[in-house]
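Peer 1: Next come the chains, spelled out residue by residue.
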Amino acid sequence: MKRMHVHVAVDNLMQSISFYSALFDAQPAVVKADYAKWMLDDPRVNFAISTRGRQPGLDHLGIQVESKGELQEVYARLRKAGGNIVEQGETSCCYAKSEKSWIDDPAGISWETFYTTGESIDYGDGSGERVARVAHEKSCCAPAIEPQSATACGCPG
Amino acid sequence: MKRLHLHVAVDNLSKAVGFYSNLFATRPCCAGRTFANWRVNDPDLNFGVSIILERKGVLHLGLEVDRPDQLNTIDHILKGPRHAAAALPWEVSVRKPTIRREPSS
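Read top to bottom, the protein sequences are chains V and C.
Using our numbering, the letters of the first sequence map in sequence onto residues 1 to 157.
Using our numbering, the letters of the second sequence map in sequence onto residues 1 to 105.
There may be inaccurate statements among the hints.
[To be verified] From the structure, some residues in chain V lie toward chain C, with a derived Cβ separation under 10 Å:
no. : residue
1   : M1
2   : M39
3   : P56
4   : S67
5   : A81
6   : K97
7   : P106
8   : G108
Rather than coming from a laboratory, the hints here were simulated on the basis of the structure.
Remember, it's a predicted structure, so these values are computed and weren't measured experimentally.
Even for Gly, the Cβ is constructed at its ideal location relative to N, Cα and C.
Make a model of the complete structure from these sequences and hints.
Peer 2: What follows is the structure, given as structure tokens:
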């Protein structure tokens with residue numbers, strides 16, 4: 001089973017941990033000085049926040065898979081979707097070791113598809129991450145979204 | 001079960017429908033001239049796009065819940081001062097039940 005991934009850049013880690021722990025009714029599974037992550041089953045989401053100098057707001061979205069077979073399945077979807085795919089391969093990022101690829105969606109949001117194989121003791125040296133993100137630099141940092149009422153939700157059903 | 005909701009602004013609906021239909025490997029459950037919506041099971045997600053010319057990106061995130069009491073609990077959190085630390089707008093809604101009717105014989 002795949003899991004949605006959301007990564008949000010925030011200003012104040014502790015205040016954001018407080019909010020999201022209340023929202024999800026769960027404590028984060030990982031807390032570092034600049035990062036926190038919830039691995040939720042209800043809803044089924046890998047939700048991360050970080051204070052890494054990016055503008056507050058959505059940093060990127062993703063689909064986390066649980067096997068190499070699923071990874072290849074989603075990679076095939078990316079190729080079908082078209083656009084520039086950045087194959088990052090095996091990398092350490094966000095205190096985890098993963099194999100991943102990146103693609104930009106039509107809204108300018110970066111999506112990562114990744115299979116996590118273990119933990120990492122640091123955030124990541126950025127060696128692979130930097131290459132991927134530089135390729136996406138114009139679109140990876142979603143515009144800051146001010147809290148406000150959003151437009152009608154589209155689907156009436 | 002709660003479900004994550006994402007609503008994204010795009011400037012080209014047909015391009016967006018093509019991209020996300022491939023990404024989620026499923027067609028939109030409903031669509032109009034200015035919007036489309038996907039109900040994805042794997043990963044569990046309610047994903048919507050709307051045409052908004054002056055901005056692109058995520059408009060809001062949301063949680064779909066099963067019961068009104070869950071909605072009230074989460075709405076109370078969203079109305080509180082801690083929402084300022086979210087860095088994004090969030091909404092909560094009650095998940096609509098699916099009603100399927102077979103044609104009568």
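Peer 1: Next step is simple, just say for each hint if it's right about the structure.
Peer 2: Hints, verified against the model:
For M1(V), the interface hint holds, the least distance from its beta-carbon to any beta-carbon of chain C being 6 Å, beneath 10 Å. For M39(V), the suggested interface contact is broken, since its CB lies about 13 Å from the closest CB of chain C, more than 10 Å. For the restraint placing P56(V) at the interface with chain C, the shortest Cβ-Cβ distance is roughly 4 Å, inside the 10 Å limit, so the hint holds. At its closest, the beta carbon of S67(V) sits 13 Å from a beta carbon of chain C; the interface hint therefore is violated under the 10 Å criterion.
The interface hint given for A81(V) holds, since its Cβ lies 4 Å from the closest Cβ of chain C, which is under the 10 Å cut-off. Taking 10 Å as the C-beta cut-off, the interface hint given for K97(V) is violated, the closest approach to chain C being about 21 Å. A hinted interface residue such as P106(V) counts as satisfied when its beta carbon comes closer than 10 Å to some beta carbon of chain C; here the least separation is about 5 Å, so the hint holds. With its C-beta approaching chain C no nearer than about 5 Å, G108(V) sits inside the 10 Å limit, and its interface hint holds.
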